[in-house]
Amino acid sequence: MKKLKEVGRPLIRVDAYDKVTGRANYTDDLCPKPCLEAKILHATIGNGIVKSIDTSEACKVPGVVGVYTCFDVPEHPYPVAGHPWYADSRAEKRDLPDRKLLGARVRIYGDNIAAVVAEDTVACDRALAKIKVEYEEWPVVYDPKDALAGTEHPIQEGKPDNVVAHTHVQTSEEDLAKKGYKSVDEVLHDPAYHHFSAHLTTAEQSQAHIETCVSYCYEENDKIVCVSSTQIPHIVRRVIGQALGIPWGKIRVIKPYIGGGFGTKQDVHYEPLNAWLCRQVGGRCVKLELSREELFYATSGRQPKSFDVEASVDDDMRLHARSIKAWSNTGGYIHHGHALILNSVNTFRWLYHTCEDAISCEAWTVHTNGPHTGAMRAYGVPEGNWAAECLMGDIAYDMGWDGIEFRMANAIQEGYVDEFSPGHYVAANTCGLPECIEKGKAYIEWDKKKKEYANETGPIRHGVGVSCFVYKTAVAPFALETATAAVTLNQDGSVQLQMGATEIGQGADTVFTQMAAEAIGVDSEDVHIVSFQDTDVTPYDSGAYASRQTYVSGTAVKKAGEQLRSKILEFASYIYPNAQGTLDLHDHAIFDAVGDKVCNLDELALEAYYNMEHNDQLYGRATINIHSNTIAVGCSFADVTVDMPLGQVTINKIINVQDSGRLINPKLVEQQVHGGMSQSIGFALYEEILVDPKNARVLNPTLLDYKIPTTMDVPDLEAQFVETDDPTGPYGNKAVGETPTISPAAAIRDAILDATGVKFYEEPMTPQRLFEGFKREGLI
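Start counting the sequence shown at 1; every next residue gets the next number (my numbering).
If you are wondering where the hints come from, they were derived from the structure by calculation, not from laboratory data. Please note that a few of the clues may not be correct.
What the hints assert, rightly or not - Derived pair list, reagent style SDA-like, types lysine to any residue, alpha-carbon separation capped at 20 Å:
| # | residue 1 | residue 2 |
| --- | --- | --- |
| 1 | 325 | 169 |
| 2 | 707 | 293 |
| 3 | 223 | 283 |
| 4 | 325 | 143 |
| 5 | 694 | 42 |
| 6 | 223 | 245 |
| 7 | 694 | 154 |
Put together the whole structure using the sequences plus the hints.
Pasting the structure below:
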């Protein structure tokens, strides 16, 4: 790869100083104090309707400004999911408006049925306690397969079978006939091959970000101003407009620094309600902040899913057929709906395909009375990876094969193109997976540990495991991918960069700074990025999700930077007509064709602003529309100790190795990988939102009862990389933000299988489940 000057630098984060010193302002820091406070009354049934609400006593509480119910709000249903909007009929199918600001139809336990605005939170709490609600309660259904049978009262109107969507793609009859088969099932059960099957489940997981969901709204200049901790400010603006039935130009959304999101804040949860409440109290500032408990049941976690998987394989490690049937529980509302389970089955399909003759992928997304679900880091792929890799691990174990050799005999290869994607735009343009495997294998000492751990007996055993992953970059070609960036030359020769893309803690502002500097020809230290978004002035961008920003928004940065560079050199040619040949920009100066300095950049900048004959504020502004999509790949290896009587797994060593193309900032990528690995350890062993199937109430809505890994549970995390130069990325880069949370969980499961010979199919593998599994197999 060509060496670049700014791209590839381990630059310290541009927001590091402000964040570690406490100078960075988050939403609550900016909120005017005192202000009005709002709180929500949540339904205490899991299914039914609100027949009446008595607010008379609540309105008498001192400090209460207003009490509003589901019978007061406008009839403007709106979508919650932070999906990009596009101007054709597909938008209507993707973002079905199924929510109101407050609803009389209770679909989930904790649904929003009333709100209180008061002078302080104490008055809010007292008023909420005095509201009297009469319900008509209906039976609750929580299992998607039960919901598929239909319910007396459909969870969403117009869906009598409760199905959000159902898709099925498989090898064509024509292609099957060429191989002498009539169906995928026939290949799966061909007696010439070995047949394997499994039923697997994954739980609902919470993002558990530090900063809760919070916003405040006020009116100014005939506009509603909403300051919110969100990943998607431009989408929030649009959804507020839809929910209130007002023009989008009358709404201004500001996104300050954000204390984590991981997908929760890719939904528009309470900003529309807060904006409406603000209007009801005459435009006064109203703050609406969720409690930690509300985050667990009133916002969206990872969708719980179940999978039936099958495969047929010959004696030479060749896969001949695979099948996956998948069910996702989207809860009472669509939110991100079918897109999540499609990602699950797509990763199953893409990861292993090289030799197989047939594949079938079928998926259902089903409404239940379960809690909200939606986007969480890697957007359905960890669940699909769990299904794919548990199956591959079982096959390798039962056949007595080396798990690495078996996987590599069938894994995705460079040049793979997804025949089912629109326009065949999803492709593995580069694929460093073999090199990733070699690095991970060496670090974990695979061959040595396999021999060392073989034939262990006793209650404490050891094992090593492996898992691979694939992940697409951005949402094209399945949805609109567009971004705009603007760069302006300042009077001192520095550059101002403004993005609609959002910094949510992942380091986006830093990599955009480096990409702009590379394109313009200046140092990263001379690029100043605006670290917040304001929809009145910020260029449009969909926001932070799908590992899209460095790939999509970065392309806009590069294009805008190249425009500014061209304008700078053109202006220099005008101001210095006697300069020899083609001019160049580097090292803070303009040089002629023979390498002589023409002028310093700050001198030229002053001329651009203040030249009496020809002045021009030099800028670049670029909007791009991306249709391509490139696949990132990688793997995880884990070395574990299993204490079977305690049901305890200790991770001794774990590594993630990935090909994410060229690394824009290696240190930031390492940070991303460490965070993702920690979340995947939680996914594997600890994290699960527990739901009472009788009323669909969340049973563990606190950080005391919802277990996330602590520093005592997370070992030293190793991150290594294989750099390739992807032809579609602005600087050869591809997905990195979500990839590290995909494969560690399955690698841990594979290591437990290696250590004990016991197969686990339910995630998370909690001590109770591990104990029961070991007991079932007679090991305890």
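Each hint, compared with the structure:
1. 325 to 169: Given pair residue 325, residue 169 holds - Cα atoms ~11 Å apart, limit 20 Å.
2. 707 to 293: It holds: about 14 Å lies between the C-alpha atoms, which stays within 20 Å.
3. 223 to 283: Answer holds: residue 223 to residue 283 is near 9 Å, not above 20 Å.
4. 325 to 143: Satisfied, since the Cα-Cα distance of roughly 16 Å is no more than 20 Å.
5. 694 to 42: Holds. Residue 694 to residue 42 sits at ~18 Å (cutoff 20 Å).
6. 223 to 245: holds, 14 Å
7. 694 to 154: This hinted pair holds, its Cα atoms lying about 17 Å apart.
Consistency note: the structure conflicts with none of the earlier hints.
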